[in-house]
Amino acid sequence: MPQQTLQSELALTSNERVTPFDDIAAVHALYEGRIFRFLLLSVHDRDVALSLTQDTFLNAWRRRASFRGDCSIATWLTYIAVNLLRSHTRTESFRFWKRVGATAVNADDLKSQLPHPARSVESSLIAQEQLEQIWQTVEQLSCPQRTIFLLRFIEEIELAEIAKVMNMPVPTVKSHLYRALDHIRAGHQAGSRKRGRR
Amino acid sequence: MNNDHLTSEQIEGLLSDPESRDRSQHLNVCQACSAEFESLLVVMGDLRSAAIASAEQHRRVAVMPAPSHRTPRVMWSLLMAAALICIAGPLAVRQRPARIIAVDAPKQQLQGAVSDEQLLSNIEDDLSSPLPRPMLPLAGSVASTDPTASTYRSKENE
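Taken in sequence, the protein lines are chains A and B.
Start counting the first sequence at 24; every next residue gets the next number (the numbering used here).
Start counting the second sequence at 22; every next residue gets the next number (the numbering used here).
FYI, nobody ran anything at the bench for these hints, they're computed from the structure.
To spell it out: a stretch of chain B is covered by chain A in this simulated footprint if at least three of its residues, at any positions, have a beta carbon under 8 Å from a beta carbon of chain A; those stretches are: (1) 28–36; (2) 52–65; (3) 73–80.
Computed list of lysine to aspartate or glutamate pairs in DMTMM-like fashion (alpha-carbon distance at most 20 Å, straight line): (4) A:217 <-> A:152; (5) A:197 <-> B:33; (6) A:217 <-> B:59.
In silico contact screen, one side only, chain B against chain A (beta carbon under 10 Å); selected entries: (7) 68; (8) 69; (9) 83; (10) 84.
In this text, a Cβ means the ideal position worked out from N, Cα and C, and glycines have one as well.
Work out the full structure, taking the sequences as your base and the hints as a guide.
Structural data, given as structure tokens:
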């Protein structure tokens with residue numbers, strides 16, 4: 024009987040696959056910035072984004088045995104981050120702080136980071152205004168539309184990968200993305216017309 | 022969107038692969054779509070670079086606190102150290118005589134021990150002597166009563 028137990032334990036040990044998440048420090052060093060950026064732009068709060076980033080890597084390490092290598096490490100991590108984001112945005116505290124408007128990342132933050140390679144003062148101001156307007160439109164998008172928009176245009180993830188991350192069929196992802204882009208285009212055109220009138 | 026112009030799907034395809042704009046016949050023909058696409062391309066590029074830079078700045082602040090927060094802590098710790106020295110210094114100076122007394126204590130104990138031994142020897146002398154000490158004649162009178170001393174003195178007188 025003890026021999027059988029030992030054999031089963033040995034079999035279990037041999038079945039444990041080596042995953043990239045075994046070296047979680049290396050994975051963290053490579054992908055932490057990317058995951059933090061996505062979460063920060065989604066929740067607009069630095070502390071919450073940092074906490075969710077840590078939870079993402081902790082969950083990735085805990086669930087490392089279920090990583091089969093069907094997708095990339097970045098996709099797997101983003102999948103966990105999106106799920107954590109969903110459960111976080113469902114909470115009442117998040118809604119309260121969203122109503123209050125205590126956000127760490129806003130249009131002014133982005134405007135201050137705007138690159139201005141050899142732009143005139145006027146074109147810099149126009150660029151800042153356009154950036155502010157487009158960011159306001161992004162903030163008004165629905166949760167899935169905003170997440171898909173950020174994943175596509177900020178993180179530059181392919182539609183098939185976004186479908187895996189969001190656990191949605193590709194046509195649904197496309198539908199959300201094109202609706203988001205409709206809003207962005209409409210806002211952008213309205214802003215251009217307003218500037219043309221001045 | 023107007024059917025005569027590019028749809029969001031087409032715009033998305035062009036934004037994802039800006040090199041394909043040369044292959045788009047509509048962009049070559051339609052001035053409005055071309056202007057919109059060029060403008061959107063610039064704005065999306067700005068948005069991406071600004072978002073990356075902003076997130077990186079926030080990450081640095083979140084992971085590593087600003088050094089300006091450290092200066093007051095150092096100041097406070099220095100002030101606390103100075104206050105401790107001010108309080109502990111006089112106390113240490115006051116406690117010095119007490120140490121001297123503690124060093125002198127064994128000498129007194131030794132003196133006490135010597136006197137005890139002397140007392141014991143006196144008691145033993147008392148016990149060995151036929152008469153108790155208080156009953157013995159005084160030293161001067163003993164000298165005057167000594168018979169040998171008186172004879173010696175009388176011989177000298179002679």
